[in-house]
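Given these sequences and hints, build the entire structure.
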Amino acid sequence: MDGIEKQPELKNLASDSKCGSIENTRDNIRTRGYLPIENYGLIGNLRTVAICGTDGSVDFFCYPKFDSPSLFARLLDSEKGGHFSITPTSHTSNKQQYLPNSNILCTRFLSDEGVSQIIDYMHIPEKNQRLNLKPLQPWHVRILEVVRGQVDFQLELFPAFNYALDSHTTEIVDYTVDTSNVHDIFEEEVPSLFVVGEKRVCFDSKDLKIDLRFTYKHSDIGEDDFPKLDLKIVNRDHFKGPGVVAEFTLKENQQIIFILREIPDTVNSRAYQKNLPLRFIDPPLSLPLMKALFRQTVKFWQDWIAQSRYKGRWRENVNRSALTLKLLTYEPTGAVVASPTFGLPEEIGGPRNWDYRYTWVRDSAFTVYALMRLGMTDEAKHYMQFMEKRCLDLNEDGSLNIMYSIDGEKRLTEMSLDHLDGYRGSRPVRVGNGAYDHIQLDIYGELLDAIYLYNKYGTPISYDLWVSIRKLTDYVCNNWGMDDMSIWEGQRQRWIDTRDEIYEEIMLKAWNPKREIFTQSYESFDALDSAVLIMPLVFFISPTDPRFLSTINKILLPPEKGGLLVNNLVFRYNYLTTDDGLGGMEGSFSMCTFWLVEALTRAGKYDSNLLDRAEFIFEQMIGYASHLGLFSEEISRSGELLGNFPQAFTHISFISAAFNLDRVLNEK
Numbered sequence: 001m002d003g004i005e006k007q008p009e010l011k012n013l014a015s016d017s018k019c020g021s022i023e024n025t026r027d028n029i030r031t032r033g034y035l036p037i038e039n040y041g042l043i044g045n046l047r048t049v050a051i052c053g054t055d056g057s058v059d060f061f062c063y064p065k066f067d068s069p070s071l072f073a074r075l076l077d078s079e080k081g082g083h084f085s086i087t088p089t090s091h092t093s094n095k096q097q098y099l100p101n102s103n104i105l106c107t108r109f110l111s112d113e114g115v116s117q118i119i120d121y122m123h124i125p126e127k128n129q130r131l132n133l134k135p136l137q138p139w140h141v142r143i144l145e146v147v148r149g150q151v152d153f154q155l156e157l158f159p160a161f162n163y164a165l166d167s168h169t170t171e172i173v174d175y176t177v178d179t180s181n182v183h184d185i186f187e188e189e190v191p192s193l194f195v196v197g198e199k200r201v202c203f204d205s206k207d208l209k210i211d212l213r214f215t216y217k218h219s220d221i222g223e224d225d226f227p228k229l230d231l232k233i234v235n236r237d238h239f240k241g242p243g244v245v246a247e248f249t250l251k252e253n254q255q256i257i258f259i260l261r262e263i264p265d266t267v268n269s270r271a272y273q274k275n276l277p278l279r280f281i282d283p284p285l286s287l288p289l290m291k292a293l294f295r296q297t298v299k300f301w302q303d304w305i306a307q308s309r310y311k312g313r314w315r316e317n318v319n320r321s322a323l324t325l326k327l328l329t330y331e332p333t334g335a336v337v338a339s340p341t342f343g344l345p346e347e348i349g350g351p352r353n354w355d356y357r358y359t360w361v362r363d364s365a366f367t368v369y370a371l372m373r374l375g376m377t378d379e380a381k382h383y384m385q386f387m388e389k390r391c392l393d394l395n396e397d398g399s400l401n402i403m404y405s406i407d408g409e410k411r412l413t414e415m416s417l418d419h420l421d422g423y424r425g426s427r428p429v430r431v432g433n434g435a436y437d438h439i440q441l442d443i444y445g446e447l448l449d450a451i452y453l454y455n456k457y458g459t460p461i462s463y464d465l466w467v468s469i470r471k472l473t474d475y476v477c478n479n480w481g482m483d484d485m486s487i488w489e490g491q492r493q494r495w496i497d498t499r500d501e502i503y504e505e506i507m508l509k510a511w512n513p514k515r516e517i518f519t520q521s522y523e524s525f526d527a528l529d530s531a532v533l534i535m536p537l538v539f540f541i542s543p544t545d546p547r548f549l550s551t552i553n554k555i556l557l558p559p560e561k562g563g564l565l566v567n568n569l570v571f572r573y574n575y576l577t578t579d580d581g582l583g584g585m586e587g588s589f590s591m592c593t594f595w596l597v598e599a600l601t602r603a604g605k606y607d608s609n610l611l612d613r614a615e616f617i618f619e620q621m622i623g624y625a626s627h628l629g630l631f632s633e634e635i636s637r638s639g640e641l642l643g644n645f646p647q648a649f650t651h652i653s654f655i656s657a658a659f660n661l662d663r664v665l666n667e668k
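Under full-length UniProt numbering, the sequence shown has 202 at position 202, and the numbering climbs by one with no breaks.
Keep in mind the hints are simulated off the structure, nothing from the lab.
A few of these clues could be false.
Straight-line C-alpha distance at most 27 Å; calculated DSS-like pairs for lysine-lysine [claimed, not checked]:
1) Lys232 / Lys217
2) Lys410 / Lys471
3) Lys232 / Lys251
Derived DEER-like restraints, expressed as beta-carbon distance ranges [unchecked claim]:
4) Thr544 / Asn395: 19 to 27 Å
5) Ser521 / Leu557: 42 to 50 Å
6) Asp207 / Asp418: 44 to 52 Å
In this text, a Cβ means the ideal position worked out from N, Cα and C, and glycines have one as well.
This is the structure in structure tokens:
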């Protein structure tokens, strides 16, 4: 292609920085091109998320939905995954934080010569607004500004469509803006110190077309030397199409706003969504427009988190977990993804690299409990509506899947992306999830618990859902011992009898009197499993029952002594003696550590030593969170975050543990 340069990759320079509430927990020097997992924050629009590093690079972005193919995936392949980075060329220390009570991310770069920042967000319109700008939601906005001094920057934008499988073309085209109707739409005049970039970059693949637009702003009255952004198309090895690069300088108070978006289809009916004219779907780029989008997004998040009922000791942490949980919600259906990422490893270099962009039935009760406790009744309602639809669409044998897509699809075919290197060489990178058709009978208990909680504290369930519940309960009665696959009409006494039978069998067959523990399974009679920590949380057993206290005491031992605790972090099972057949190792499970905190808290109502231990472990776990208060699925023995990031179930368990620990401490 004419005008395309061949250029080596520009290096990102960053410095070490110390741990703090708003700075990165480890340095920004990339290892083989990869940042530590904890060095990322995320933004989103309740459809998808973008994951942004502390060095100014967007390294993960699936578009337009959580489970869509990736557009950027440098998180999973540093060479060919794709990224959008804006980085100072000088040596800087970097800090990252969310704007107060929001999911708007601010990354700051500090040096003696100058201070700059990038504000990343995806637009979400405030509720009950006069104008419906929902079609603008897919925009990823990056506001680059110099706060002090003068700063030189490097920009790189290299998309990698469809998991870096599809080729694309790149073109820089003229971009002219008719500002005559800006006043009509936003009731604001275009400031004289505002200029729309005369060019835009278009990337065209077979299934998706995106463009990059930008605007300039200078705050000094009378100043006319706007920054110059000279974009160049560049080919690089490993990518299936050209990207763009630029080197430019910003002075104090100068600002460039970058907008990455899907190019609107002006031909078909999407150009008139909700009967709106095209200027509302694709309005002319202007400073008033960008101000409006930013204001609406700030107001949306601040209004939403203001509903939180939690006023306890860990309010900031709980609110951050709530905001994260909201980001992982797919608004069109109410589904909550387990995590927005796929392929992040449970062990660096290991094979346990799963796709978590789906909804697990097992999470139901805990999700509803957390949302209801926080006062987020709308989210609980929408989530239960999603689950109700699944209950009304049972499998042929009367069962449920253990997981579903965010749209309710049942078949989640798994495949490996063998062309991707994987995070720090952790292969294979998997998309889809082959566990969707596994039989896990415990999911029905969690689902019924969720329905019970929502029926009691939310909205009464419908008759149709009650009919489905009866069928599901009969399915469990018929199949918990794997007898047959028939579906019977509900009989309350039969359900009670089956419940009691299951309870008695567990107490008899799952208790190892020699080791004095509840075991992993009937078959693994000597194996200890952290899943038993949930027993008092679902009122299966008293937290002060001698059998359960004995089990906890064994869990609190290190693996070398038969326990599951390392540095006050809980492993799922003893990795020294148990082989689950999946290969490789895994880290401690953060969710299980919070289960331990809650189990100790409940027992601690009657034993202050256990309560002190619960509080200590909980405070330590907060220290293992990222600089933004985010948790992944697991933590390595060296304290690094592992697994898909962030993980909803971990944040849900954190919220539950915080509520209960705070309540018991207040009763002391």
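Go through the numbered hints given earlier and state which of them the structure violates, listing their numbers in rising order.
Result: hints 4, 5 and 6 break, sorted rising.
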